[in-house]
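Just so we're aligned, residue 0 is where the sequence shown starts under numbering that gives the first Met the number 0, counting upward by one.
Hints may be right or wrong, so weigh each one.
[Claimed, not checked] Using 20 Å as the maximum straight-line C-alpha spacing, the simulated SDA-like pairs for lysine to any residue come out as follows:
no., residue 1, residue 2
1, K20, V42
2, K5, A57
3, K5, G76
4, K27, P47
5, K20, V59
6, K27, E39
7, K27, E13
8, K45, R65
9, K20, K62
Hint data in this document are derived by calculation from the structure and do not stem from the laboratory.
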Amino acid sequence: MSRRIKLLWDFRGEDATETAKHHTIHLKEFAELENLSYYEIGVHQKNPMLCTAYITIAEVDMKTYRDALRPHRGELG
Numbered sequence: 000m001s002r003r004i005k006l007l008w009d010f011r012g013e014d015a016t017e018t019a020k021h022h023t024i025h026l027k028e029f030a031e032l033e034n035l036s037y038y039e040i041g042v043h044q045k046n047p048m049l050c051t052a053y054i055t056i057a058e059v060d061m062k063t064y065r066d067a068l069r070p071h072r073g074e075l076g
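Go ahead and model the full structure; you've got the sequences and the hints to work with.
As structure tokens, then:
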């Protein structure tokens, strides 16, 4: 079984939550257009001014996602 990787994008400011939610739409669209699998797409609000959009993927797909979408960071997920 492949390890899971969580790719993350941080959004800051008053509209951080709305922007992160909107970003997840594009993450889903990309996965569907490229016929790539994923485990989970979501948003995590750290505080009202900082929100993170994320996608959890298989390690084997990491380079494809990373090179195309350029996440701010990644972690084992």
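Here is what the structure says about each hint:
1. K20 with V42: holds, 6 Å
2. K5 with A57: Satisfied, since the Cα-Cα distance of roughly 9 Å is no more than 20 Å.
3. K5 with G76: This hinted pair holds, its Cα atoms lying about 5 Å apart.
4. K27 with P47: The given pair, whose Cα atoms are some 24 Å apart, is violated under the 20 Å limit.
5. K20 with V59: violated, 26 Å
6. K27 with E39: holds, 10 Å
7. K27 with E13: Violated: K27 and E13 sit about 24 Å apart, past 20 Å.
8. K45 with R65: Violated. K45 to R65 sits at ~23 Å, over the 20 Å cutoff.
9. K20 with K62: With Cα atoms ~23 Å apart, K20 and K62 exceed 20 Å; violated.
The structure fails hints 4, 5, 7, 8 and 9 (numbered hints given earlier, in ascending order).
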